[in-house]
Amino acid sequence: GESVGLHLPTLSVQEGDNSIINCAYSNSASDYFIWYKQESGKGPQFIIDIRSNMDKRQGQRVTVLLNKTVKHLSLQIAATQPGDSAVYFCAENTGQAAGNKLTFGGGTRVLVKP
Amino acid sequence: EPEVTQTPSHQVTQMGQEVILRCVPISNHLYFYWYRQILGQKVEFLVSFYNNEISEKSEIFDDQFSVERPDGSNFTLKIRSTKLEDSAMYFCASSDLGGTEAFFGQGTRLTVV
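Taken in sequence, the protein lines are chains A and B. When you line the first sequence up against this note's numbering, it's residues 587 to 700, in that order. When you line the second sequence up against this note's numbering, it's residues 174 to 286, in that order.
Everything labelled a hint here was simulated from the structure, so no lab data went into it. Note that this is a predicted model, so its numbers are computed, not measured. Glycine residues also receive a C-beta, built at the ideal position from the N, C-alpha and C atoms. It is possible that some hints are incorrect.
When the alpha-carbon atoms are kept at most 27 Å apart in a straight line, the in silico DSSO-like pairs for lysine-lysine are as follows [to be verified]: (1) B:256 / A:654; (2) B:251 / A:699; (3) B:230 / A:657; (4) B:230 / B:256; (5) A:657 / B:256; (6) A:642 / A:657; (7) A:628 / B:256; (8) A:654 / A:642; (9) A:699 / A:654; (10) A:699 / B:256; (11) B:215 / B:230; (12) B:251 / B:230; (13) B:256 / B:215; (14) B:215 / A:642; (15) B:215 / B:251; (16) A:628 / B:230; (17) B:215 / A:699.
Listed next, the stretches of chain A that the computed footprint assigns to chain B, with coverage defined by at least 3 CB atoms under 8 Å from CB atoms of chain B [stated by the list, open to error]: (18) 672–682; (19) 686–698.
Per label pair, the in silico range of CB-to-CB distance [stated by the list, open to error]: (20) B:241 / A:667: 24 to 32 Å; (21) A:683 / B:247: 34 to 42 Å; (22) B:175 / A:645: 13 to 21 Å; (23) A:669 / B:195: 28 to 36 Å; (24) A:654 / B:245: 39 to 47 Å; (25) A:699 / B:188: 27 to 35 Å; (26) B:241 / A:595: 25 to 33 Å.
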């Protein structure tokens, strides 16, 4: 789910179904990845992260999968709820120095239909 | 729950004026960041700050931008002479260790007219 400018890819999902959001990242040397959720008018909200020495990590209703071979990241949301409607961004840490330098993807809009 | 707070929530300024955006990071965090998001676009990294100095900065962060931690709690972003293209949401973030999750504030919407 990458996009540029105003044209965000949109995922429409029925309430209660599972959602899968995909992201391609750019830097094969990136060692840390985060998924953020952004609701209208708010800042990015941390959902889940994963390090490059893992290929799967689970949280509460969310799972992140990392495929380093093809530089692909996905976020799975189980039993999607209306409150999950938002724009979802993947981000990779591309920093050279201490601390994060997060490079964000273009985002995917998730619309949950009741 | 601790959070990053930013003020003001919205700032309107005339082109050429200086603006200072303010942030209070989470209190035990060591790394501080500024990001910006032009309407409808990606969130973009501006600068990271650690141990009272800039750790890394992007090409966007030119001589018109500066950051400061004037005391033990505030972290500021100054734009010396604003341009129309500086209009964006500016997000402050902080993290406790490099490479762990960065927590974002709610942002300051800067409108340059």
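Check your understanding: What are the numbers of the hints that this structure violates, sorted from low to high?
Key -> 1, 2, 5, 9, 10, 20, 21, 25 and 26
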